[in-house]
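Enquirer: Sequence:
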Amino acid sequence: MPKARLETFIIVPFEIGRADRQGWKVGDLQATLCSAGWKRLAGHEPDRISAHGLDEEALKDIRYQAYNYFHPFVRRFWFDQGLVQRFRRSDVEALECTIGDRTIVLDAVCDLLYFTPDIAVLVLHLRSRDVLEFQAVQNCLDRLRRIYPPYLDKRHDKYPGGHFPNSVELWHGPKKRDAVPGFDSSQLNGLRSEAAELEETAGDVSSHTHLWAEHWQQLLKPINGAGSVFFARQLGDDRAALASMITLENQSDDPPLHKLIDRGNLIRLCFADEAGSDILSYSKSYLSNFEERFCYDRFWYVDDESTELSSRIMNCGYAFTWLGDSRDGFFFCNQLNGAPVSYRHIYVPMAIIAHFQKAALLVTTRRLADLSPYEDRKPRPLDAKKFQDLKAGFIAFTQTYWFEEVTPQEQGIELFEMWRTRLRLQSAYDEMRQELQDIVQFVDSRENQDQTSEAHRLNILVVIVAIFGLAIAVAGLASSILGMNTFDTDKPPIQVEFVACINWVAGNVGRLSLALFGIIAVMVIVACFRYRRRSDE
1 MPKARLETFI IVPFEIGRAD RQGWKVGDLQ ATLCSAGWKR LAGHEPDRIS AHGLDEEALK
61 DIRYQAYNYF HPFVRRFWFD QGLVQRFRRS DVEALECTIG DRTIVLDAVC DLLYFTPDIA
121 VLVLHLRSRD VLEFQAVQNC LDRLRRIYPP YLDKRHDKYP GGHFPNSVEL WHGPKKRDAV
181 PGFDSSQLNG LRSEAAELEE TAGDVSSHTH LWAEHWQQLL KPINGAGSVF FARQLGDDRA
241 ALASMITLEN QSDDPPLHKL IDRGNLIRLC FADEAGSDIL SYSKSYLSNF EERFCYDRFW
301 YVDDESTELS SRIMNCGYAF TWLGDSRDGF FFCNQLNGAP VSYRHIYVPM AIIAHFQKAA
361 LLVTTRRLAD LSPYEDRKPR PLDAKKFQDL KAGFIAFTQT YWFEEVTPQE QGIELFEMWR
421 TRLRLQSAYD EMRQELQDIV QFVDSRENQD QTSEAHRLNI LVVIVAIFGL AIAVAGLASS
481 ILGMNTFDTD KPPIQVEFVA CINWVAGNVG RLSLALFGII AVMVIVACFR YRRRSDE
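For the sequence shown, my numbering assigns the number 1 to the initial residue and increments by one for each residue that follows.
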């Protein structure tokens with residue numbers, strides 16, 4: 001197998017929250033980050049890896065190309081420093097990892113992109129300093145993206161944490177002497193204990209609910225860690241997303257890529273799987289339409305289809321991989337306007353946008369579930385104020401961050417659609433919108449029922465008032481007919497009492513009318529107050 005150079009962006013979306021459950025402003029987060037070694041970027045400043053060997057004029061040309069590639073409505077979002085705030089760690093220069101018996105050093109740049117109101121994306125840009133064996137490249141893709149070991153297996157001394165590096169160190173300078181201890185296998189017991197604690201507080205939505213290995217904790221500081229004001233709630237599992245570019249170091253007499261790399265290893269690259277000896281890593285039936293589902297073969301030339309050298313893009317959603325040839329100096333290794341520019345400044349932003357959209361939908365789904373959890377085996381009443389805030393946030397997300405394509409360029413449209421399809425973005429968005437509509441319909445239906453009940457009660461009140469009014473009217477009419485002094489002691493006792501009652505009613509018609517009017521007024525005021533309170537809710 002040939003050797004290769006690896007460059008990859010590890011993309012980790014997460015939700016930011018405060019440990020004390022208090023509200024916070026963007027300025028609070030910015031001050032916290034800048035006090036701990038993060039630098040607020042003025043705009044799209046290229047990182048140390050991307051700018052290597054380029055002068056200011058070349059960097060301006062690259063920014064021009066990247067800016068004009070996107071739709072205007074995407075530019076308003078992606079290049080707006082208010083909607084997307086960018087921070088960069090000034091103290092991380094390299095990452096050293098041990099995988100099995102091999103120690104690998106990669107140049108590193110760590111950025112944090114903060115999206116209003118409370119979602120951030122940690123982006124770790126890595127590039128191998130040395131040419132690596134092809135199997136080492138595969139193992140790096142499989143293990144470096146892990147946020148924590150998915151399982152523990154002490155039977156294997158080389159891999160005590162399943163699919164995880166043996167150790168990871170962050171270099172705060174160009175040499176190993178500047179390394180800061182990160183993760184190693186001795187910390188597995190600590191991760192096990194932390195996982196047990198998280199299991200006990202799984203229902204607490206006010207804190208983080210996932211593990212973070214030590215080197216990720218260091219990269220996130222001061223957001224995570226003991227005593228931190230903010231915490232990071234990861235939105236997936238142990239696997240972060242990847243956007244990788246792999247350059248095979250070929251000699252002039254080597255065969256073309258489609259003959260140099262067999263189908264099984266292409267599949268492993270596509271899914272960011274570890275190196276293996278089997279011909280295929282999955283069953284033939286599952287892989288029967290692999291090329292159709294996961295490969296973008298616009299420039300994958302077979303045999304003598306073209307005089308140009310081949311390159312293949314593979315995208316399974318969580319992993320984007322662009323494989324090319326070091327002999328292709330015209331395009332794939334052209335640092336000025338070739339594949340590296342498209343990869344770093346166009347395709348990586350597309351990957352970040354897609355994974356941010358997925359993260360925002362996941363956060364909205366969780367918050368919607370939190371609005372009406374079960375309490376004593378019964379659903380708790382919906383908090384109308386929080387629901388209105390959530391609905392307003394979803395509308396703002398739709399108007400600002402949600403779009404089905406990011407560029408008018410056909411290749412960009414097709415590639416972004418691969419992310420959307422593999423991440424199931426459209427179905428997740430449609431489900432969330434439908435859930436919100438269902439709740440709105442339910443609330444409207446309940447309000448209509450309440451209004452109907454209130455109208456029924458008002459109708460009963462009107463009937464009662466009408467009966468009282470009719471009785472007073474009859475009494476007044478009788479009094480006018482019989483006269484005010486109809487009491488006669490010579491008449492039978494029953495008639496005397498009746499006439500006396502009529503005289504009393506007639507004599508107090510005004511007072512009775514005033515009392516009845518007061519009762520009616522109080523009842524109407526109470527009914528109007530209750531109706532207005534329901535309308536406000």
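Among the clues, some could well be false.
Okay, derived cross-link-like pairs now, DSS-like style, lysine-lysine, Cα gap no bigger than 25 Å in a straight line [as the list claims (entries may be wrong)]: (1) Lys25 to Lys221; (2) Lys259 to Lys39; (3) Lys391 to Lys25; (4) Lys3 to Lys391.
Taking CB as the label site, the calculated pair distances span [what the hints assert, rightly or not]: (5) Ser288 to Ala36: 47 to 57 Å; (6) Ile395 to Val463: 37 to 47 Å; (7) Glu305 to Ser285: 24 to 34 Å; (8) Asn334 to Ser252: 14 to 24 Å; (9) Ile460 to Asp237: 52 to 62 Å; (10) Arg63 to Tyr151: 40 to 50 Å; (11) Gln388 to Arg75: 29 to 39 Å; (12) Glu405 to Ala369: 48 to 58 Å; (13) Ser277 to Glu249: 42 to 52 Å; (14) Val463 to Ala396: 22 to 32 Å; (15) Ala396 to Glu305: 17 to 27 Å; (16) Arg48 to Leu280: 16 to 26 Å; (17) Gly43 to Glu133: 31 to 41 Å.
Quick caveat, the hints were computed from the structure, so don't treat them as lab data.
C-beta atoms are modelled at their ideal positions from N, C-alpha and C, and glycine is treated no differently.
Enquirer: Output the numbers, in ascending order, of every earlier hint that fails for this structure.
Expert: 2, 4, 12, 13, 14, 15 and 16
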